[in-house]
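2 protein chains.
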Amino acid sequence: MIETIRRRTPKGRGVRIGIGDDAASVTNRRAASLITADLLIEGRHFDLRWTSLSDLGYKSLAVNLSDIAAMGGVADYVILSLGIPRRLDSKVIAVFYRGFEALARECSVALVGGDTNAAAKLIVSVCVIGHPSTKPVERRGAKPGDDIYVTGTLGDSALGLKLLRRQKRAGGTASAHARTLFMRHHRPTPRLATGALLAKNELATAMIDISDGLVQDLGHICRASGVGATIHADRLPLSPAYRALCGTDDIVSALSGGEDYELLFCAQRRNRARIEKLPARAGVTITRIGACTAGDPNVAILDASGKSLRIRVSGHDHFKS
Amino acid sequence: MIETIRRRTPKGRGVRIGIGDDAASVTNRRAASLITADLLIEGRHFDLRWTSLSDLGYKSLAVNLSDIAAMGGVADYVILSLGIPRRLDSKVIAVFYRGFEALARECSVALVGGDTNAAAKLIVSVCVIGHPSTKPVERRGAKPGDDIYVTGTLGDSALGLKLLRRQKRAGGTASAHARTLFMRHHRPTPRLATGALLAKNELATAMIDISDGLVQDLGHICRASGVGATIHADRLPLSPAYRALCGTDDIVSALSGGEDYELLFCAQRRNRARIEKLPARAGVTITRIGACTAGDPNVAILDASGKSLRIRVSGHDHFKS
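Here the protein sequences line up with chains A and B, keeping their order.
Per the numbering used here, residue 745 is the first one in the first sequence, and the count goes up by one each step.
Per the numbering used here, residue 745 is the first one in the second sequence, and the count goes up by one each step.
Hints were generated in silico from the structure; no laboratory data involved.
Computed from a prediction, not measured in an experiment: that's the story for all the values here.
Hints may be right or wrong, so weigh each one.
[As the list claims (entries may be wrong)] Calculated pairs, DSS-like style, for lysine-lysine (alpha carbon to alpha carbon, straight line, at most 30 Å):
| no. | chain 1 | residue 1 | chain 2 | residue 2 |
| --- | --- | --- | --- | --- |
| 1 | B | Lys887 | B | Lys755 |
| 2 | A | Lys944 | A | Lys755 |
| 3 | A | Lys887 | A | Lys835 |
| 4 | A | Lys1051 | A | Lys944 |
| 5 | B | Lys1021 | B | Lys879 |
| 6 | A | Lys887 | A | Lys755 |
| 7 | A | Lys1021 | A | Lys944 |
| 8 | B | Lys944 | B | Lys755 |
| 9 | B | Lys944 | B | Lys912 |
| 10 | B | Lys1021 | A | Lys865 |
| 11 | B | Lys944 | B | Lys879 |
| 12 | B | Lys944 | B | Lys865 |
| 13 | B | Lys887 | B | Lys1021 |
| 14 | A | Lys835 | B | Lys755 |
| 15 | B | Lys835 | A | Lys865 |
| 16 | B | Lys944 | A | Lys755 |
| 17 | B | Lys755 | A | Lys879 |
| 18 | A | Lys865 | B | Lys865 |
| 19 | B | Lys755 | B | Lys879 |
| 20 | B | Lys755 | A | Lys944 |
| 21 | A | Lys755 | B | Lys1051 |
| 22 | A | Lys887 | B | Lys906 |
| 23 | A | Lys755 | A | Lys906 |
| 24 | A | Lys835 | A | Lys944 |
| 25 | A | Lys879 | A | Lys835 |
| 26 | B | Lys1021 | A | Lys755 |
| 27 | B | Lys887 | B | Lys944 |
| 28 | A | Lys879 | A | Lys912 |
| 29 | B | Lys912 | A | Lys865 |
| 30 | B | Lys865 | A | Lys912 |
| 31 | A | Lys906 | A | Lys879 |
| 32 | A | Lys887 | A | Lys1051 |
| 33 | B | Lys755 | B | Lys835 |
| 34 | A | Lys1021 | A | Lys879 |
| 35 | A | Lys906 | B | Lys755 |
| 36 | B | Lys835 | B | Lys865 |
| 37 | B | Lys865 | B | Lys912 |
| 38 | B | Lys912 | B | Lys835 |
So that you can see chain A by itself, here it is in the shape it has in the complex (with noise of 0.2 Å):
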């Protein structure tokens, strides 16, 4: 099998020596590298009854590719290690590697090397080596007064999960919106182009990819920058799907629902002109969703009239099952 993805994967650029040694030998871009890895474990962080093998290949590239993103940097080389359970033959694998090597190839990422073990349940462990654009945007460098900002739409993916959940119980057919859904789930655009052009700018002063949800992460940041947030309920980016399958008031997936995989940024207020000129070159809408706080590191939601909501959270923890 490891031939297979020998021969199958291009040498890609700046490798010196790719997957079959005991290490990749790869050239370095910049005096400095980026590392990020994920685990994602059958059962925990996906079902195979409703995750094809070829979208699950895409999106565990596209979840460590987020992280490089929300650095501000560009992603160079994977390495992907596999557990392969028994009843998944060598065709199955190929069909994973189908939708990894597509993200892959789209992003200019090279695959060097890995590993690959028998296992009772399907693993996926991926390292990505990248490498700054200029200086990494780190979660810390938020200040009071800071707009802070996210990319695309919030909530798609884990309004997709329900759906697909309660699809796989009750059977039919999706609707198209339910079908953008799915996609917004299984296939996250990591937003690279985005990060990177932040970064070059210098217009993020914070900056964090949204795996855990909107309220979760946006804590994250809070925490390492030592402020507080505000978001406005009414102004979070709904999709025309969520608004037309889930409605405006139901903004819970939007806030908590974990898996958007959009970049939340922070940004100085005299930069806004700029930052609304961003969209046009990163292919994204960038919306303006509150502002940074003095004081405690808590986010507050308030709604159109101003007034403080309360609204129970609970985002996305891996060890609850």
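Given the coordinates of chain A, assemble chain B onto it according to the supplied hints.
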């Protein structure tokens, strides 16, 4: 738990952004990086009935460092991802981390990130990033007539595992020799110094670390280099513990036991004198065990009289349970 690990982890040399952001940012030591990864799964690669969490932490890093050693490289940074079963609490994981950290400190490797998740079985996924000393030593450079060498002694780990299993079944206390072999199984020494010396002095034409057993890993060199190999059974380096507990007639563990994590390398005949001087600097014995031959990439094993031994060597296959 991540917070605890973050606090306990010294910010290593070259680490610009360590644990706790979307990605780590590290300084590159050279124009090229070496990257290697291993995925270890409970019940496949280790058994917690006879492996302590501390030893597992040590070993999960050691096997990756051994891959860097086999390229003649220097290890710099490590990413550690864990899938943790509910039955293991954070204190138990702290014990794992202590073993891991001990070797990381000894080898000046900085833990810079990773991922933790819930899982049914313990999963350890490690990715090490390093740099080549000079040119990486690949598997494919051996030529007919080259000598074949190994560091240290062979078969100790496999024999140690056999004794551990037996002791688990039958009980009783272990002899000093047995305890030596247990140690060799649980805490293999990555041969980083030797690998780097061989690379720097351009002495090795091909190199691999022995993880699947001497014969199987020599087969990898043979296929990559397009050479055959002849091994002299009576030259295999056996430890006093191996000789005491297994005798010198039973060389199956030495030939195919697996998990030795010694270096196996080829070198030109004219460098014999230089290689003989290395052990004094590398701190480990180096034994010439055979030579590369022209022809099919097969490994022949000869007895003291030069007769070919027919030994059925299965090697180590993770897909066999």
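Broken hints, numbered, in rising order?
Checked against the structure, the hints that fail are numbers 1, 3, 4, 6, 9, 10, 12, 14, 21, 22, 23, 24, 25, 26, 28, 31 and 35, while the rest are satisfied.
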